[in-house]
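Visitor: Chain order of the listed sequences is A and B.
Taking the numbering used here, I'd label the letters of the first sequence as residues 1 to 433.
Taking the numbering used here, I'd label the letters of the second sequence as residues 1 to 433.
It cannot be assumed that every hint is accurate.
[As the list claims (entries may be wrong)] Once the Cα atoms are required to be at most 27 angstroms apart in a straight line, the calculated DSS-like pairs of lysine-lysine come out as:
{"hint": "1", "chain 1": "B", "residue 1": "Lys56", "chain 2": "A", "residue 2": "Lys56"}
{"hint": "2", "chain 1": "B", "residue 1": "Lys182", "chain 2": "B", "residue 2": "Lys226"}
{"hint": "3", "chain 1": "A", "residue 1": "Lys365", "chain 2": "B", "residue 2": "Lys102"}
{"hint": "4", "chain 1": "B", "residue 1": "Lys174", "chain 2": "B", "residue 2": "Lys226"}
{"hint": "5", "chain 1": "A", "residue 1": "Lys182", "chain 2": "A", "residue 2": "Lys226"}
Just so you know, these hints were derived from the structure itself, not from any lab.
Number of protein chains: 2
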Amino acid sequence: MTDQQFRVQLLLTGSELMSGDTLDSNSALIAQRLLELGISVERKVALGDQQALLVKELSAMAQDADLVIVNGGLGPTVDDLTAQVLAEVAGVAIEEHPEAMKHLHRWCAQRNIELNQANYQQALLPAGCSLIDNPIGSAVGFELSVNGCRIICTPGVPSELTGMLDDIVASLRKQLLRPCEKQILRLQTFGLGESTAQQMIADTYPDWPAEVELGFRAGAPQMEIKLSIEHSSDQATLARCREQLEQLFGDHIIGEGDALLASTVLQLLRERGQTLCTAESCTGGLIASMLTRIPGSSDAFHAGFVTYDNHIKSAVLGVNEQDLEEQGAVSETVVRQMALGAMQRSAADYAIAVSGIAGPGGGSKDKPVGTVWLAWGSQSKLQALQLYWPVERGLFQTMLAAAGLDMIRRQLLGISTEPRYFSQRQAPRASAR
Amino acid sequence: MTDQQFRVQLLLTGSELMSGDTLDSNSALIAQRLLELGISVERKVALGDQQALLVKELSAMAQDADLVIVNGGLGPTVDDLTAQVLAEVAGVAIEEHPEAMKHLHRWCAQRNIELNQANYQQALLPAGCSLIDNPIGSAVGFELSVNGCRIICTPGVPSELTGMLDDIVASLRKQLLRPCEKQILRLQTFGLGESTAQQMIADTYPDWPAEVELGFRAGAPQMEIKLSIEHSSDQATLARCREQLEQLFGDHIIGEGDALLASTVLQLLRERGQTLCTAESCTGGLIASMLTRIPGSSDAFHAGFVTYDNHIKSAVLGVNEQDLEEQGAVSETVVRQMALGAMQRSAADYAIAVSGIAGPGGGSKDKPVGTVWLAWGSQSKLQALQLYWPVERGLFQTMLAAAGLDMIRRQLLGISTEPRYFSQRQAPRASAR
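Chain A with its partners taken away, still in its complex shape (with noise of 0.2 angstroms):
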């Protein structure tokens, strides 16, 4: 059985996912379990707490689809319909279930309290349902085939719904004959858009095999390209794909699976016993604040200076006075003269330096909203490259920040070619270097 094969459609349930006060993560929490077995999540319905809907919807989920997974509804309030619901479109009694008594008995006698009322509904269920068991909470799962679909109903709290996951998977490897496990490979890039990126593989590769599935996230500052493939498929098309991917984009793949910016920089810099510090104006301590944001990042990051201020450059990381008067705070003389300040009074080997206008104020004719100077590299190759990169703040703060964490990259790997990006970056009247 494949997973073309077998439809599994999710319910979710709870008018707190329909206010928008809660988001829902549950489903993404099974659809990555069952991913696990090569079965993709085809649809997924939220409903709020009304009966009348909720049995339609699961009415006809039950018709579809070879396996429904109910999540939410299992507590004790009134709320609560999912047992109701699955009994009324099974077309069976609800009753007290002996096992869910016995768990319920268990649960309370474990926190010292009586059971009560409200408690005791979570023992009533569908008639000939089998229970999973919840080793957390008050809520047992069960599941019930109707029309020879599996519909298991699970609970709404996270941990509890993962403790359950773990049964069900097991179960589902049973149930599936062959069951076909996906191999998915993430390649993780910067400086490439999501369009730019399909076209480019569109045009160089027509005959891409039809085996394995392209995938494009585009995130800020980062860019992830998936391919998955079946398992028993011909293990060398991945392999041949993933060449010529990266033949393709060569040094925009910054790494594989979660590699980041800032982590893949620490890394490279680590190996090599060596530090970076950064001097950062309109980036106001983001490149400071991603590289910390690593685990173990003290071992080559130890300094950072966030000069905001045009006095704040000269007092403290040394920038002359008459060179911010005369080219201004967003100039290829003071960007670098902040860099080498930064090397100088940290003792780093290698600085980022930043310094433009972030907007939505400060822009002029001459230096509109999003002209940016960078710099970076060591005290004997410090670069320096202007940009205009006209997009709303924050946006531009993370953009800036990862492409000075991607410049040093590359000087890092000796790569001298600039992303895709910058070409289209440039400010048209810059003499870039």
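The hints should help you fit chain B onto chain A, whose structure is shown.
Guide: Below, chain B alone, put in the same frame as chain A:
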């Protein structure tokens, strides 16, 4: 027309939603905005990027609902199917939309890039649809009525969706004959947990009026308390409830609406014509970054120091080397010297200094992971406090950065009490001051 009659469904598209790679936050964003008009979302369905399934679902929704908001699938890649799906459901052709072309040309011109084939796809829309402007991105929104059901298609990028929702809400307000609009008051708090806040309200105000709906949204670092009431209800009730919450939570309330700790602190400083600097070890630049994320922060924030390494604490901030040796970097002596050094070097009026063990490594028996010293205030009134906050590294940094900002906020407002959280977070051994 009331919300009982006006049936709204959401169709969320994107394989990344189905695989569990991405949490759906957009539907919460939409639900919250619709709630302003008294409109509840009845049903949400999420599907991967598969044309046949999308067409079937949207057709059914158009039969059932008065309004369907489709989210996602407007991008330039082959995965982006929404325009084709809507055209098929409506039984119209796909054609080049002149207004969308204009938008794309403008968008490319602003970025100094050429319109590529992928982006051109974004101008191919269902015949007869009307556009919704996207001030940020390349994807315009569009809408079409099918069987008397308004179908509005919106982009999946959250910032682009947010921008578009203002227009959509305004248009719906006109459509609804008698919108039962809700008045919503959002209070931002720091230092209160969701369940604690809820329990405090239940205990103190057992007669809380049923017409004033209470919602809690726990984020990190802030928690939002939301009050909503129908416009037709007695407005004095809302005012009274607000007063009650202010009495109950007092100085834990940072502000209204979208108030952030950083923006509130900057505003207080701006009013006084004073400035703040930061000296960060374990928060690694996050406080500076939170401050500089706010437009106009340069008025009141000029300098930040990230002194991650002990040697840098001495070299850059003048912390006494012997104190570092004897007391350790995570000590009252050192954190006070960091704050004083930062104020001296930057000539700022106030400082926040933080030194602690964010983990996962670096803890000891005496100073386990989660131990932290905070100092805040002016040269003449510098306070310090030890806390113990053993949570995951990223959350630790976020909560401690916020705690530092909150302590300065309290000092600026002349509040002498500490947030409730702190009494639970104090190190057992600590002599707090």
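Visitor: If a hint holds in the structure, say so; if it doesn't, say that too.
Guide: The hints, checked one at a time:
1. The hinted pair formed by Lys56 of chain B and Lys56 of chain A meets the criterion: a straight-line CA distance of about 17 angstroms does not exceed 27 angstroms.
2. The hinted pair formed by Lys182 of chain B and Lys226 of chain B meets the criterion: a straight-line CA distance of about 12 angstroms does not exceed 27 angstroms.
3. At roughly 25 angstroms between alpha-carbon atoms, Lys365 of chain A and Lys102 of chain B fall within 27 angstroms of each other, so this suggested pair holds.
4. For the suggested pair Lys174 of chain B and Lys226 of chain B, the alpha carbons sit about 25 angstroms apart, so the restraint of at most 27 angstroms is met.
5. At most 27 angstroms may separate the alpha-carbon atoms for a hinted pair to count; Lys182 of chain A and Lys226 of chain A meet this at roughly 12 angstroms.
Violation of the numbered hints given earlier is absent; every hint is satisfied by the structure.
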